[in-house]
Amino acid sequence: MKKTISLFLILSFLMGCSAKPQVSFTKEDASLTVESKTITPGMKYTTPSIPDWVTFTELTSCAYKGNDKVYEYDDFTLYTYSDGTDDYILSIELNSSLSTSKGIKIGSTKEAVLKAYGEEYTTKILNVIYTDGQVNITFLIVEDKVSAISLNYRPE
Amino acid sequence: MSPRKLRKSIKNSLILTVVLGATLLAVISLTTIRANAGLQSELGQAINYSPNDFLINEPKDTQATFVTDLASIDVHHLGSYEIEVKVGTKTYSSTLKIVDTVAPTAIVQDVSIEINGTLTPETLIVSTSDESETTISFKSEPKLITVGNHEIIVVVSDTSGNTSEYPVNVEVVFDKTAPVIVEERQLYILVGSTTVDYWDMVNVSDAKSAVKSLEFNDQQVNLKKIGVYPVTLSATDEAGNTSSVTRNVNVVRESTYYTMRSLNNPLNNKADAFVDAVIAEIITDDMTQTEKMRAIYEWLLNEMVYQTDLSHDYAIDTYNKLDDYALISFTKFKGHCFHYAAMAALLLDTLDLEMTLVEGEGYSSTAESHFVIHFWILVKVDGHYVHFDPLYEYLYLKYSTHKDFFLVKDAQIFDITHRWDKSLYPSTQ
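If you're matching them up, the sequences are chains E and R in order. Position in the first sequence counted from 1, then plus 14, gives you my numbering. Position in the second sequence counted from 1, then plus 993, gives you my numbering.
Bound-form chain R, shown alone (with noise of 0.2 angstroms):
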């Protein structure tokens, strides 16, 4: 054989035998039992795979068993996973990946927000459903500048980046903010009157609109009896929205009426100052109502010193007086019976406190009728009036008795301590 001949048998050898072997790989692998690595399962499924399903090539009838315990996959998590499988003594290893391929789902809600009015996507959802943590945003930014209806696309995603849009339509309105009603001052009407202002002492207010109309619903109110009903006022703005709110209204005998209107006139604001002043000093948060008041006594029973004063022109406008008599006692610290009665009615009115200015007598060791004239407080109290009179108190301790003048009724005064006409003024009982 030439040795041309014998290299080119060589080579034909060698592509045989290449070709033979490969061929004989192949068949071994079509043949041969493998793993198969390619399973996926949705994340928050069950697991629905058989133990050949993890298998390549496995003969017909091929009886396979999971060596890894199927329920030890939490399939809450994202992850890759080994699973073995045996086939008689052998084992298969391969993986089984929790995938997430499930876009979230949601259900939104259509709404109407002011012009120029702040929309957050999250507004938009009614809830979602994903297995994962979910964001939501808009599709793009919306510019809700105009009146009229706006469809925004809102996008919900899940933490694999699956996504869905959902429309919802946006009404942008110029007004939507109903008028707010703010009672300043409780309202205290004369028995018997005919007409009422329910609207006194109340601060309405409208952010955007006028406010077109108010109206109120008194039909449990008796002006003819003493007692305290509820009214319902209600403020509707130009854009139609409408906003009520119930207030408690007092009607209450002259005494009474007079007294609180002086203190809520806002002309008798002298003495303010020196109000908010001492209720700063002797008044904390935590205090109960009764704890206030008992305060507000004790500071008038130690700081004040009781001095007769020249000026007695109480008789006169004697209710609107409260404000100048206070002034005068808050800068010296002394003076009569209605400058005591004066500071009261004004340190007690910081706690919204119904109250009565009394104009009766009170005893007198010197005085030969043993009865002189003599002012102090009724105030109401958890619905029930009582007595409050530091200065008894202090004229007590002049003769070193004690005796206690703080929120007492009746019947521990009248005709002791102190007399007045019943029928000018509210009972303890």
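Excised from the complex, chain E in its bound form (with noise of 0.2 angstroms):
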């Protein structure tokens, strides 16, 4: 019994040692809620839900069936895609005044995004990418800080 109390205290304390919560990305993480409607890169946008851009740019796609269209609204620029029937999100870059659903924005600290999105992550010259499947957030870290944010989906 004196047995199983020691090892049951011996893995708490392990256990407590080892508490720090890991923190781990999720394409869920790249959502973006404007105007209480939740938009995510690769999800379909065909009858865009914010409707209140700033200026619109449909152009001929090199790469995609249809036209390539870009969104310009007053915190970000919505850029899609089209499969040749539907348009789908294909990258979202917040301006400066709009936080990332954790709460990061242009101007935090680097500290700040790893705290909020965790040590699980890659580099590319100055961006830290977090990336889950084919949907990654990326922060471009100008001397510790971002500078810029950018939500984006790769297509297969």
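Check each hint, because a few of them may be wrong.
Derived list of chain R stretches under chain E, where covered just means 3 residues or more per stretch with a C-beta under 8 angstroms from a C-beta of chain E [said to hold, decoys possible]:
#1 1197-1205
#2 1297-1306
#3 1352-1358
Below are the PhoX-like pairs computed for lysine-lysine, each with C-alpha atoms no more than 25 angstroms apart in a straight line [as the list claims (entries may be wrong)]:
#4 R:Lys-1373 - R:Lys-1391
#5 R:Lys-1391 - E:Lys-41
#6 E:Lys-159 - R:Lys-1263
#7 R:Lys-1285 - E:Lys-138
#8 R:Lys-1396 - E:Lys-79
#9 E:Lys-138 - R:Lys-1217
#10 E:Lys-138 - R:Lys-1263
#11 R:Lys-1083 - R:Lys-1136
#12 R:Lys-1218 - R:Lys-1205
#13 E:Lys-79 - E:Lys-138
#14 E:Lys-116 - E:Lys-129
#15 R:Lys-1079 - R:Lys-1053
#16 E:Lys-138 - R:Lys-1314
#17 E:Lys-41 - E:Lys-51
#18 E:Lys-119 - E:Lys-138
#19 R:Lys-1169 - R:Lys-1205
#20 E:Lys-51 - E:Lys-116
#21 E:Lys-58 - E:Lys-79
#22 R:Lys-1263 - E:Lys-124
#23 R:Lys-1053 - R:Lys-1083
#24 R:Lys-1415 - R:Lys-1373
#25 R:Lys-1205 - R:Lys-1136
#26 R:Lys-1391 - E:Lys-58
#27 E:Lys-138 - E:Lys-124
#28 R:Lys-1391 - E:Lys-79
#29 R:Lys-1217 - R:Lys-1053
Rather than coming from a laboratory, the hints here were simulated on the basis of the structure. Backbone N, C-alpha and C define an ideal beta-carbon position, used for all residues, glycine too.
Both chains come to you apart, so use the hints to assemble them.
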């Protein structure tokens, strides 16, 4: 009985030591809620759910079927591609006034990014990238501060 | 006999005995054959002694022979060697010393050095000759702090301590260093030009004097014909020192000229840090040039994502926009064809390649005309142009089709996936 209690205490102690919460990125973390509408890279965007864009540009796509579209809103820019029938969100680039779902915005520190999104990231030159399947969130870090944020979908 | 007389008689007898004994020994020593132990032979020279030379007091016509084989003695090593000589049945043992008494010789040369320059005694010696190792030194440390002629005594010593001295003339001058000419970038000249600055993108420096004159010889250059031509550049400093280098200059068509002028423009450096970071990540010194180009192609193919962009101001001052568009796409890893072309141009430029930005059309399955405006890169490899367009491989992969656009020729893509005005661009033929 004493041995069982001791083992339990040791395990409890060890678990207590490693109780630091593990943060991992999922594609839901790349979602953005604007005007109570949630948008995520890769989702269908045939009828734009956020109507009040500032500018809209439509261009013949070199890569995809149909037209590429760019919606510029006050706080972000949204890019779509087409599969020939429907439009899908390819990328969302945040402006300085908008935060990610985990509270990171342009000007946040790299430390804040790692605290919010965890240590499981890759780097590409100045970018810190969190990926889940075909979705990623990319933070451009310049001098330890976030200078650009984009939520991206990489089509097959 | 009185005791006194007796003592005197004994004393005289003893003296007589000693004198007779000494005389007898002297006679014996002068008449008995003995070994001669005082012979020497010069290092490296043949031993030039007869058997009789190793004997003393031998009668005339004594027939002595060597017991020791003189050929077994290494005359190139200092030392003492036992020599046995036989007369009749008797053997005499002597000693022969190999000695070094000859001073080394040397051939010297007069030299000229810069004031306060470093002079080593070895630079004054053309060659030395001696049976042993030699060392070279100054008789006294020279003080070459004034311009003019200085006589320096150089001492050549061998391992036996023999020395010889040679006077050498050292001329001390203010400047004997020729200018250094470094070609920093290749020169591209627009075909049909009438004046050319052949010193463009060349750095000339001189450590001591000012550069007095710059000259060139462009006799082999034909500015009216596209091609690569050698030009000799010569720089002379105020002290009269001249250096020359030959640089190849490239007479090119307009599209190539403006592409390379943009890449060579030091003001177009905004993306340099990103270019360096990518190159450090993907290129290694042991790669061939083709492998390096392939690594750049694969990097663009795999790391970039095609995305329409609202920035289309490349239509104005197109060539100088390469740097701006590359900078954007190096931070976003997204972009359209001009971004891809811009990144490719800057990355390939690190390999010192001639390139041409092509503005043509690319196939689009969705466009009504099936061809839309498109930019890509022509790159000159081993004297021949080829197309480099990773974006089109990316686009084909979207349709699960693999098609390589790495260093392809005109016939492989023209009117199939790409179109361009052939009169404006280099041909891959």
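Hints versus structure:
no., hint, verdict
1, 1197-1205, "violated (count 0)"
2, 1297-1306, "holds (count 6)"
3, 1352-1358, "holds (count 3)"
4, R:Lys-1373 - R:Lys-1391, "violated, 29 angstroms"
5, R:Lys-1391 - E:Lys-41, "holds, 22 angstroms"
6, E:Lys-159 - R:Lys-1263, "holds, 20 angstroms"
7, R:Lys-1285 - E:Lys-138, "holds, 19 angstroms"
8, R:Lys-1396 - E:Lys-79, "holds, 18 angstroms"
9, E:Lys-138 - R:Lys-1217, "violated, 46 angstroms"
10, E:Lys-138 - R:Lys-1263, "holds, 18 angstroms"
11, R:Lys-1083 - R:Lys-1136, "violated, 66 angstroms"
12, R:Lys-1218 - R:Lys-1205, "violated, 33 angstroms"
13, E:Lys-79 - E:Lys-138, "violated, 29 angstroms"
14, E:Lys-116 - E:Lys-129, "holds, 10 angstroms"
15, R:Lys-1079 - R:Lys-1053, "holds, 15 angstroms"
16, E:Lys-138 - R:Lys-1314, "holds, 23 angstroms"
17, E:Lys-41 - E:Lys-51, "holds, 16 angstroms"
18, E:Lys-119 - E:Lys-138, "holds, 19 angstroms"
19, R:Lys-1169 - R:Lys-1205, "holds, 14 angstroms"
20, E:Lys-51 - E:Lys-116, "holds, 16 angstroms"
21, E:Lys-58 - E:Lys-79, "holds, 15 angstroms"
22, R:Lys-1263 - E:Lys-124, "holds, 24 angstroms"
23, R:Lys-1053 - R:Lys-1083, "holds, 17 angstroms"
24, R:Lys-1415 - R:Lys-1373, "holds, 16 angstroms"
25, R:Lys-1205 - R:Lys-1136, "violated, 30 angstroms"
26, R:Lys-1391 - E:Lys-58, "holds, 18 angstroms"
27, E:Lys-138 - E:Lys-124, "holds, 15 angstroms"
28, R:Lys-1391 - E:Lys-79, "holds, 10 angstroms"
29, R:Lys-1217 - R:Lys-1053, "violated, 101 angstroms"
Against the hints set out earlier in the document, violations occur for numbers 1, 4, 9, 11, 12, 13, 25 and 29.
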